[in-house]
Each structure stands twice: as C-alpha cells, then as structure tokens.
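This is what each chain is made of:
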Amino acid sequence: MSSSALTSAPVEATRTRGLHGAPARGRRTGPGVSFILPYLPFLIVFGIAPMIYALVLAFTNADGSWVGVHNFLRTFGDYRFVPAFEHILVYTCAWLGSLIVFVVGLALLLHGRANRVSAGFRFVFYLPGALAGAAAVLVWLFMLDPAVSPFSGVEHVFGDQLFVQSIAPGKLPFVFAMIAFWTGAGGWIVVMYGALNTIPDELDEAARIDGAGPFTIAFRLKLPLIRKWIAYMAILSFAIGTQLFVEPQLVDEASLGLVPDTWSSNQFAYQLAFRYGDFNAAAAVSVDLLVIGLAAAVLIVTRTGLFRRED
Amino acid sequence: MRRFGRSAPLWPLSRRLRRVMLTSLAVAVLAVAAGACSSGSSTSSQAGTAGASSSASGKVGGSLTVWVDSVRLPVAQAYAKAHPDVHVHIVTFDGDGNGATTMQTKIQLWNRTGNGWPDVIFSEQVNDPVWMAKAPFNFAAPINGLIPQSILSQWPSPSTTQCTINGTQYCLQDNLAQVVLWYNKKLMTQFGYTVPSTWQQWAAIGQKVAAQHPGYIIGTSGESFSHWIYFWGNQCPLEKLQGSQLLINASDSHCTEMASLLTPLIKNGTAPPLSVFTPDFAKKYGGADDKVLMMPGPSWYAQAVFQQTLHIPAGQITAAMPLSWNGETPITTGQVGGGPWIISRHSKNLATAANFVQWATTVFNPPGANARPGYPAYEPLANQWLASMATNSYFASDPTPALKAAASLIWSGWDLVTYPDQPVWSNTVVTGLVAGKPLTSLMPAFGHALSQAAQAAGYQVSQ
Numbered sequence: 001m002s003s004s005a006l007t008s009a010p011v012e013a014t015r016t017r018g019l020h021g022a023p024a025r026g027r028r029t030g031p032g033v034s035f036i037l038p039y040l041p042f043l044i045v046f047g048i049a050p051m052i053y054a055l056v057l058a059f060t061n062a063d064g065s066w067v068g069v070h071n072f073l074r075t076f077g078d079y080r081f082v083p084a085f086e087h088i089l090v091y092t093c094a095w096l097g098s099l100i101v102f103v104v105g106l107a108l109l110l111h112g113r114a115n116r117v118s119a120g121f122r123f124v125f126y127l128p129g130a131l132a133g134a135a136a137v138l139v140w141l142f143m144l145d146p147a148v149s150p151f152s153g154v155e156h157v158f159g160d161q162l163f164v165q166s167i168a169p170g171k172l173p174f175v176f177a178m179i180a181f182w183t184g185a186g187g188w189i190v191v192m193y194g195a196l197n198t199i200p201d202e203l204d205e206a207a208r209i210d211g212a213g214p215f216t217i218a219f220r221l222k223l224p225l226i227r228k229w230i231a232y233m234a235i236l237s238f239a240i241g242t243q244l245f246v247e248p249q250l251v252d253e254a255s256l257g258l259v260p261d262t263w264s265s266n267q268f269a270y271q272l273a274f275r276y277g278d279f280n281a282a283a284a285v286s287v288d289l290l291v292i293g294l295a296a297a298v299l300i301v302t303r304t305g306l307f308r309r310e311d
Numbered sequence: 312m313r314r315f316g317r318s319a320p321l322w323p324l325s326r327r328l329r330r331v332m333l334t335s336l337a338v339a340v341l342a343v344a345a346g347a348c349s350s351g352s353s354t355s356s357q358a359g360t361a362g363a364s365s366s367a368s369g370k371v372g373g374s375l376t377v378w379v380d381s382v383r384l385p386v387a388q389a390y391a392k393a394h395p396d397v398h399v400h401i402v403t404f405d406g407d408g409n410g411a412t413t414m415q416t417k418i419q420l421w422n423r424t425g426n427g428w429p430d431v432i433f434s435e436q437v438n439d440p441v442w443m444a445k446a447p448f449n450f451a452a453p454i455n456g457l458i459p460q461s462i463l464s465q466w467p468s469p470s471t472t473q474c475t476i477n478g479t480q481y482c483l484q485d486n487l488a489q490v491v492l493w494y495n496k497k498l499m500t501q502f503g504y505t506v507p508s509t510w511q512q513w514a515a516i517g518q519k520v521a522a523q524h525p526g527y528i529i530g531t532s533g534e535s536f537s538h539w540i541y542f543w544g545n546q547c548p549l550e551k552l553q554g555s556q557l558l559i560n561a562s563d564s565h566c567t568e569m570a571s572l573l574t575p576l577i578k579n580g581t582a583p584p585l586s587v588f589t590p591d592f593a594k595k596y597g598g599a600d601d602k603v604l605m606m607p608g609p610s611w612y613a614q615a616v617f618q619q620t621l622h623i624p625a626g627q628i629t630a631a632m633p634l635s636w637n638g639e640t641p642i643t644t645g646q647v648g649g650g651p652w653i654i655s656r657h658s659k660n661l662a663t664a665a666n667f668v669q670w671a672t673t674v675f676n677p678p679g680a681n682a683r684p685g686y687p688a689y690e691p692l693a694n695q696w697l698a699s700m701a702t703n704s705y706f707a708s709d710p711t712p713a714l715k716a717a718a719s720l721i722w723s724g725w726d727l728v729t730y731p732d733q734p735v736w737s738n739t740v741v742t743g744l745v746a747g748k749p750l751t752s753l754m755p756a757f758g759h760a761l762s763q764a765a766q767a768a769g770y771q772v773s774q
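Quick mapping for you: the protein sequence lines, in order, are chains A and B. In terms of this note's numbering, the first sequence has 73 at position 73, counting the first letter as 1, and numbering is strictly consecutive. So the mapping is simple: this note's numbering equals the position in the second sequence, first residue as 1, plus 311.
In short, the hints are calculated from the structure, not lab data. C-beta: ideal position from N, C-alpha, C; glycine also. A couple of the hints might just be wrong.
Simulated restraints, written as ranges between beta carbons of each label pair [unchecked claim]:
no. : chain 1 : residue 1 : chain 2 : residue 2 : range
1   : A       : Val124    : B       : His622    : 57 to 67 angstroms
2   : A       : Phe174    : B       : Ser464    : 52 to 62 angstroms
3   : B       : Lys748    : A       : Val154    : 18 to 28 angstroms
4   : A       : Gly187    : B       : Ser723    : 52 to 62 angstroms
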C-alpha cells in the first residue's frame, strides 16, 4: 500500500513540473534552503573548518611558517606511506566492487518479490548495520577466530586453523572489506530499494507488454533509472573506504600488533599526529585523502551525470 | 527557454547563499586562526611550568588523579582506602601495553588544551618514560626531588638506569620482569628429562620432545615480546645506544646463533609462533592436562600466565635459572615489562603524587591471593614478597632462588628507546613464522624494520 503511494507521488510531481515548469521551480527554492540551513552550521564547524585547518597545517611547519609542499614530500618518502595506500587501494576496490554488485543485485531481487517478503529481507539485511562500527568489528574478531567462531568450518576450508592465520597480511584487505560490507550494505539495500520504488509502474508495465522478461526489465530498465543513486553510493562509499580506520586499529590491538599500526593511510596520519606529535605531516596525509576523495567524486559525477537535471 | 525560466529565479538566491557561505567560511577561518594562536600560547605556557616540579614540599591531601592498568587497580584502590584525606580519582586504561598509543594521544591532547593531565600514570610499556621526558610530550617530572634519596637507592641499579633519561631519573619501576626458565616439574620427571642450564640443552630437549612427546612445548615464539626473551638475554644488539647513534645489528653473531637455535624448534612445533594470551593457545596447551613442559619467560608469568590464563594446576610449575649460551659466564637474561610509575610535571599536588608512588612501590604488599603479581622492584619489599612466594603452594618447588638470582642478570646492553619495538617483531617476524618461513630468513627483515622504526622516531641508526 504505502509503497505504491510512494511510487506515484514523484510521478505526479514530475508531470506538474513538466507542464508548469518555471513557477514550480521558483516555489521550490524557499523550502529547499530551509532544508539545507539547519545542516549548514554543522557542515561548517565539523566539515569545512577542520578541512581548512588541515590545509593550513599541511602547508606550514610546527612554528606556523609556510613550507610549501615539504610536508607532502616528507610523508610521501616515509616507508609506511606507499604500503598504507596500497592496502587502501586493494581494500576499496574489493569493498566498492562487492558493494555495487551485491547491493544493486539484492535490491533488484527484492524489488521483484511480494512486498511482505521483501520487507522481511530488507529488515534482516539492515540489522547488522544497526551495530555501531567498533562493536561490529568486535563481533568479527570472534567470527575470525577459529577457536570460538560459529563458522570455524568455513575458516578451515580456507586453511585457517588459528586466528593468526585468519588475519594473515594477504587476506586483510578482503577481511576488512567483508566486515565493512556486512555492516554497511544493509542500509544501502534499503536506499536502493527506495530508488527502485521511484520508477513509475507505467514503465514497468509498458516493458512487460513489449515482451521484456524480468532480467531485461532489471538490467535494461531499472538499472539505468537508478544509475544516479548508484553513483551517489559509490562517491560516499569511496570516501569512507579510503578513510578506513576502526577495523585495522582494533584488529591490530586484538592481535597484539600482528597488523601494523599504520596499515591504512588514516592510521598512518593518526600515528604521525599522536605518536610523533607531527600534526603537520598528519595533515598532509589527510589532504592527500581529501584530494583522492574529491577526484573520485568529480570523476563519478561527470561520468554519471549525477547533478544533471535533465536527460 | 524552459531551462532559462527554471534557473532564472535561482540566481539571486544562489548569490545570497554564496555570500552567506563565504561569510561563514571567513568566520570559520578566523575562529581556526584564533584557536591556533591560543593553543600556541598554551603550549608555550606549559613549557614554563616544567620547573615547578622542584617544589615537592606540601601536605599530603587534596585530590589526586591516577591512571593505571587493570592489574594496578587494586594498588590505587588500596591507597585511597588507606588515605581518607586524599580524594583519589582512578582511571583505568589499557596500560599502553604492546606498543599502544593511548598515552601519546592523551598527552598530546592534554598538552594542546593545556589541562587535564593526571598526577600519576602507571605504564605497562617500560620505555614510555623515555618519550614522556622529551619534547614534544614533556610530561614526566624528575623524581629525585620528590622522593627521598634513601628510598630511591633501594632500587637495583639496572632499574634506576632504565628510568634515567639524559642524566635525570624520571620514573620508578613497579616490578622487575627478569626472564627465568619456567618449567613443569611434574612433566619433566615423568618424561625423564633433566632441567637444562644452557640454551643448547634446552634445544636438545625440544628435539627429543618433538619425537617422543609431540604436542608438548618448551617455549613460544609468537609473543609480541619474544625477542626480549630470546635476543635481549643473548646480548643481541638490537637497541644499543652509542653516543648519539643507535646500534641495530640483526646480523651480529649473538642474534644469528639464537635464530639458528630456534628455527628447528619453531618448525617441529615445540616453540610455536603463538601468543600465550590467545584463546588458541589456552585451548591447545593449557588446562588440567597442560602441554607446557618448559617456557622461558618473565617473573610475572607465574600467576598471570600459568595460574590465571592457562589454568595449569598447582604443584607443577616452578622456576630455574636463566639459560646461558653454551655455559658462558656471566649469564645474562632478558626483561619483559617492569612497568614504571611516572609523575606528571603538570601536577598541582606533587607532594601527594610522590606519596602515592612511594606507597605503591614500597608499602603495598597484600598477602595471599591478592599478592602483587610481579617481583617488587624495591628491594626490601622484594624480600618480603619472595618469602611469601617461597611457601606458595602453587609452585612445585621454591622458585625464589632463581627469581632472586635472575633479578641482577638483566643484560644492560639493551637500551630503552622512544618507540615500541614489539609491533615490529609481531608484524615482520611472527606473521612470517605463521606463514611457515624460517626465523633465520626473517632476521634481516626484522633488523631493517627496526632501523626504519628508529629512524622514523628520529634516531640515527648505525649497523
């Protein structure tokens, strides 16, 4: 019931806008700004101001005098820089790949099911996401230890008899990707499901009448229509992925140092700031991450036309 | 046309919005700049308080904030009970063990904000005072003016040396953590082995055990501190300060001979690359029919590992002298821990802070099950503690002669440095051992990784 009501509302809106485009636009800006305004102070205080602070720190030294790109060159030359970014690259590829394929796949599958069935599954998928980040990692510490894991049989298949084998260096990016997928995918499945609901039933029906099967409808009709949502998910997830911190940090402590404390680039920045008191170098690494995140976002936005208003 | 019509009304607003954004940005920049200035002035004012520690006079009382690990919690609680005039605020933390950065993070933040420092900290990390006494942390207060010299002189000299940084003593060790050879007397008798006195005899038993009693172990190689047990004791120069240079030479014969001795034992499973603190270890080797035949390890292993972690029954475990290399004298041994007490130079209640540390190290010595887990560093207290250990029914025989003898045998050629070296051993050596690589092949990588860690911490490394 509710889902069909949701589906028809945007269709109506589109139609009205199409007919009386200009006035509708004018009316919508006011409410739009009022939606943004409450967020703005937080964006400035917790987003933009720290970013500017990081930029200032990255180009100065401890005394506050300008040093150009010295901090960047210094951190780039550090023996932990390249491995940390390599780890992050492998992890982000594994995670983002699985996230896009499985989230979209599962959402498409759910969308084809009866509402009650899919609501149940959506709830189940969402559940792990209800655990806060650190708590989820703690659950995984037990899952990964064959001595206590309920899935030790699966681990034995992969040749892991001991916790130290489950977290062998080569497996780590994939282990972390699995943890992140488990905690994050459910929320995105719900979002994608909502996106699929915005597709007008008329299109679905028209495709069916034209003889399209469920696969054709899913891949040729629904998928292109939720492209922007997928792009949105990719941008946010990419930024979160490159900023990985909690998982390697907790596994490092739980394994008594088997995982380097500079495994990810964010951990590297943290160590620079707090172990060595070198906030300027730490800021330089953070700015590297910012640039990478922005570049990826620009690439995805331009490639997918995320902000393009009309096709 | 439609496009224009749509975007036209938006213009004034977007301009307004941009102006608002720019203004707020400017405000944010100003705020940040102001913040930076004020934090700058607060750090410089901290530097000025450094001299305050010389005035230790004052009454014991007022409030006192103490940060301890869970093992030292009873000490802090007992002090609070014994001193009703002092309002003790106890905070427990991970103790900075295994090279955690908890304390570095906290002290950096306290230094930045200019307040919040505790009066006293206990650290499990024996090298913590080294960086706490230096810039940019500048946390530790010199201990000399705070505690009478007659008391300070009762610490063994290697312990005082470890707490002395650039000629000033900055900490007091709570306990000594000398490595001895722990062994299972019941199993050794049952299998008909003699307790070894050299590493060679120990390794020979390892070969026999692998053939005759597979599954039993004579040590472990998977601790984050295994190199302190095997290489520190065997005089391997991995952290030797020579003037301004730090000597790290993993290819020295003292290192390679020990690596060659251990490699076959790791391979045959008698010295597995597993930590005694993992559930896997307790499951495989602990419990009522434990498989621990011998284990070189520090003095605190007795209760913390054998009794409480592995649940090895009473009447089996006892200690023997540290092993020598082929009978060479004098025997030297390693050290694992020996956590120090540090007083904050920012403390406004130095007299009470000093009183606390003195009480915790020289008075606190409860009997029975609540006994101190480690060998007290303060000698008069150590003698009392040893007397009660000697009659402790947990041990198969009196472990105290070996513990007492080993206390003065810790090799002094291993200097404490600002960075923790346990993570380096864990993530370069232990991960390799788990993957089946021989220890001998991992030693060059270990030396290299140690050099990198030292250089990153600002040391000039020589080989």
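Each hint, compared with the structure:
no.: 1; hint: A/Val124 <-> B/His622: 57 to 67 angstroms; verdict: violated, 40 angstroms
no.: 2; hint: A/Phe174 <-> B/Ser464: 52 to 62 angstroms; verdict: holds, 57 angstroms
no.: 3; hint: B/Lys748 <-> A/Val154: 18 to 28 angstroms; verdict: holds, 26 angstroms
no.: 4; hint: A/Gly187 <-> B/Ser723: 52 to 62 angstroms; verdict: holds, 57 angstroms
In summary, the one numbered hint that this structure violates is 1.
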